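Student: Next come the chains, spelled out residue by residue.
Protein chains: 2
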Amino acid sequence: MVTSTQTIEMAGIAAKDAGITLSAKSEADRNRALRAVADALDQNRQKIIEANEQDIERGKAENLSDPLLKRLRFGDDKIKDVIKGIDDLIKLPDPLGKTLKASELDEGLTLYQVTTAIGVIGVIFESRPDAFVQISTLCLKSGNAVMLKGGKEALLTNRVLFEIIHDAARDAGMPEGWIYNLESRENVNAILALDEYIDLLIPRGSNAFVRYIMEHTKIPVMGHADGICHVYIDEDADLEKALAIAVDAKTQYVSVCNAMETLLIHEKIAPSVLPALSEAFAKAQVKLIGDEKVRTIITAQAATEDDWKTEYLDYVLSVKIVDSLDDAIAHINRYGSGHTDTIVTENTANAARFCSLVDSADVFVNCSTRFADGYRFGFGAEVGISTSKLHARGPVGLDGLVSTKYILIGDGQIVADYADGKKQFTHRPIDKQYPLS
Amino acid sequence: MVTSTQTIEMAGIAAKDAGITLSAKSEADRNRALRAVADALDQNRQKIIEANEQDIERGKAENLSDPLLKRLRFGDDKIKDVIKGIDDLIKLPDPLGKTLKASELDEGLTLYQVTTAIGVIGVIFESRPDAFVQISTLCLKSGNAVMLKGGKEALLTNRVLFEIIHDAARDAGMPEGWIYNLESRENVNAILALDEYIDLLIPRGSNAFVRYIMEHTKIPVMGHADGICHVYIDEDADLEKALAIAVDAKTQYVSVCNAMETLLIHEKIAPSVLPALSEAFAKAQVKLIGDEKVRTIITAQAATEDDWKTEYLDYVLSVKIVDSLDDAIAHINRYGSGHTDTIVTENTANAARFCSLVDSADVFVNCSTRFADGYRFGFGAEVGISTSKLHARGPVGLDGLVSTKYILIGDGQIVADYADGKKQFTHRPIDKQYPLS
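For the protein sequence lines, the chains are A and B, in the order given. Under numbering that gives the first Met the number 0, the first residue of the first sequence carries the number 0, and numbering increases by one thereafter. Under numbering that gives the first Met the number 0, the first residue of the second sequence carries the number 0, and numbering increases by one thereafter.
Honestly, I wouldn't trust all of these hints.
[Stated by the list, open to error] As a list, the in silico DSS-like pairs of lysine-lysine whose alpha-carbon atoms are at most 27 Å apart:
hint: 1; chain 1: B; residue 1: K69; chain 2: A; residue 2: K431
hint: 2; chain 1: A; residue 1: K422; chain 2: B; residue 2: K90
hint: 3; chain 1: A; residue 1: K267; chain 2: A; residue 2: K286
By construction, these hints were calculated from the structure, which means they are not laboratory data. These numbers come from a predicted model, not from an experiment.
Hey, can you work out the whole structure from these sequences and the hints?
Tutor: Now the structure itself:
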């Protein structure tokens with residue numbers, strides 16, 4: 000496989016060209032290619048499983064942890080799942096060519112804002128081979144070229160998946176070069192320099208890794224580094240809901256970005272809710288770290304300033320007592336990562352104030368932070384969760400993989416006529432679809 | 000006025016806080032503040048004009064060019080214009096709190112995607128004092144804090160405008176710190192480092208300046224460096240329209256980003272259109288630079304590879320003969336800056352192919368590139384034109400100054416119930432506005 004920086008730059012140039020061609024393919028053509036990819040995966044199960052078993056053998060020899068080996072395994076069930084995922088993707092409405100706005104600037108001069116593909120997307124992701132299939136088919140559906148760099152543990156599996164997807168799409172009439180598989184870690188640095196050809200980078204992995212990417216490229220990055228999520232139990236909370244939500248947000252899956260890391264409790268309700276919470280967390284083996292006020296009510300390790308900034312991703316929870324709703328909001332906006340924060344309250348005005356003032360991608364009322372996820376939000380497959388306030392914010396599905404262009408259709412109009420006052424703009428919104436697609 | 004880096008960082012922190020408070024103000028409150036700003040500008044005309052006259056005197060002493068002095072002048076007429084602009088802005092619909100999508104994830108668990116302010120916007124702009132008023136009032140309307148750095152030529156005018164806008168907004172109940180005026184060039188470098196507090200930078204000015212900003216900050220930048228715009232005269236063009244559009248696109252205002260820099264002509268139509276074009280451009284004092292084929296038909300200076308990449312911003316035009324529509328599209332995608340490109344053709348299929356394959360923010364059919372502008376598009380005031388494919392692309396008005404958040408309202412729902420199969424998602428789109436705003 001390819002390794003030199005120069006070759007990767009050529010792949011970037013080819014991807015840019017292929018992306019333009021791919022984005023102009025009709026919805027039917029792109030869906031036909033997705034069907035061909037799904038069929039090819041089905042027909043090549045044995046080849047995929049053999050490659051994956053070699054990866055797993057190598058992983059075992061290199062003493063990979065059991066959870067990592069589990070994520071790496073790509074057997075019959077997983078293949079069935081990704082094929083089912085492609086079936087669902089084919090059924091989703093076309094994200095391209097949608098008219099978002101139309102207006103008449105003057106008689107016979109009509110402006111349309113139409114969705115388009117972004118161009119070339121670079122995705123750097125963890126060891127799960129299912130991600131290779133999900134990301135590449137999301138890009139195919141949305142008319143984007145994609146350069147993928149998967150985890151090195153899945154080297155052989157990803158190589159086979161790449162060949163199957165590439166060949167099936169090519170045979171179905173898609174342009175060569177729309178998909179490119181990067182195999183070595185050095186290639187990551189090579190693609191970070193391709194800001195002339197790659198329009199968007201999506202890094203998935205550890206905080207440190209995502210931060211490294213953000214700091215070493217001029218390409219816009221979509222995603223998130225930290226997920227420091229809060230649950231705030233308001234003075235007007237229902238105690239039963241508060242308990243269930245806090246336990247779910249912390250323990251349902253501790254090592255993910257939408258798990259709760261800090262619990263905030265209004266001082267008026269703390270004495271009645273903390274003992275039950277303490278008991279529930281003890282049962283779930285969660286270690287509690289509390290501020291001084293918390294430690295006057297329950298047993299907990301003393302919190303330091305650093306605890307409010309820490310994403311434990313573990314059975315550990317920092318707990319703080321706040322003296323008001325606004326104190327809770329200020330803590331979240333100061334220490335949070337703008338990912339997902341929940342208020343538990345029966346007071347509608349407090350819920351409204353929390354939703355309005357908490358500056359996060361996802362702001363929830365009376366439900367677990369763990370709902371922050373593309374699948375649970377009903378977006379089908381997701382490429383990640385963005386904490387940036389530009390482009391896409393929150394869980395990102397197909398809608399985050401498109402851009403727009405303005406198309407203006409006239410009949411010979413020139414600006415001089417309007418500057419001279421010979422003609423006037425009408426600027427009238429109209430209900431019309433872009434007619435040339 | 001403030002100059003130290005530390006003070007500017009404190010202003011960034013204050014702006015972040017103020018932005019959150021400002022974004023939670025009601026539409027009526029923000030419009031009332033805009034009204035107060037307009038009234039204060041009206042009442043302080045004399046003070047503004049005096050400060051501006053001092054700037055102009057200094058500019059004359061420093062031998063500023065006449066066009067620059069003209070842009071700097073901010074007299075009664077200009078003040079009237081910006082007040083009229085605020086009147087129009089007040090009438091525009093609120094960009095905040097709009098429900099973009101709503102869906103039921105399950106009974107009693109409802110997801111809303113709602114527009115919000117972005118946060119803190121940094122704007123670095125040229126010498127026109129009107130820009131100070133337009134940008135700050137656009138930010139006030141859209142609930143964003145703003146840090147402005149205007150041209151040094153307009154130092155005293157901008158200082159007075161800042162004081163008037165700041166005081167009027169504060170007296171109308173807006174938070175202190177939502178607007179900040181940076182006065183020295185060193186302050187530009189100080190704000191480039193504030194990626195923790197500033198969410199978006201909008202630089203307006205020369206290519207070199209915009210590029211410098213893009214290369215020296217981690218803050219997302221919205222705007223464009225080059226405007227290398229093309230007109231392509233197709234083999235099926237109407238000659239009269241082609242002539243009028245080419246002349247308008249080149250000469251109606253040569254020093255702006257949406258003026259044509261390169262004219263592409265299909266070889267079949269070149270012999271019939273080039274002589275008339277040559278005559279029209281000679282009359283308009285436009286110097287022509289042509290490729291070899293062009294120079295067999297008309298007199299023109301020989302083009303080099305560099306000419307296709309040059310934004311002249313002057314009475315100079317590069318002209319190239321292409322052998323097909325696809326050749327024109329390939330040239331534009333290779334040498335263009337993704338700003339604005341026009342096809343002149345009576346052939347609908349060719350127009351559709353051009354619109355589909357030209358990868359630019361604005362793609363036009365049978366009209367001048369000079370229409371690419373927020374005012375002409377009917378967006379009212381604009382903050383700039385973006386050639387990025389993320390967030391906003393093309394002329395950017397109020398819509399480009401907002402982000403979104405997901406708000407999920409439940410009644411105690413936890414993820415464990417769905418993971419266990421006790422409950423199922425319904426994922427049903429609903430037609431409902433976010434109810435808590």
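Student: Compare the structure with the hints numbered earlier in the document and write down the numbers of the violated ones, lowest to highest.
Tutor: 1
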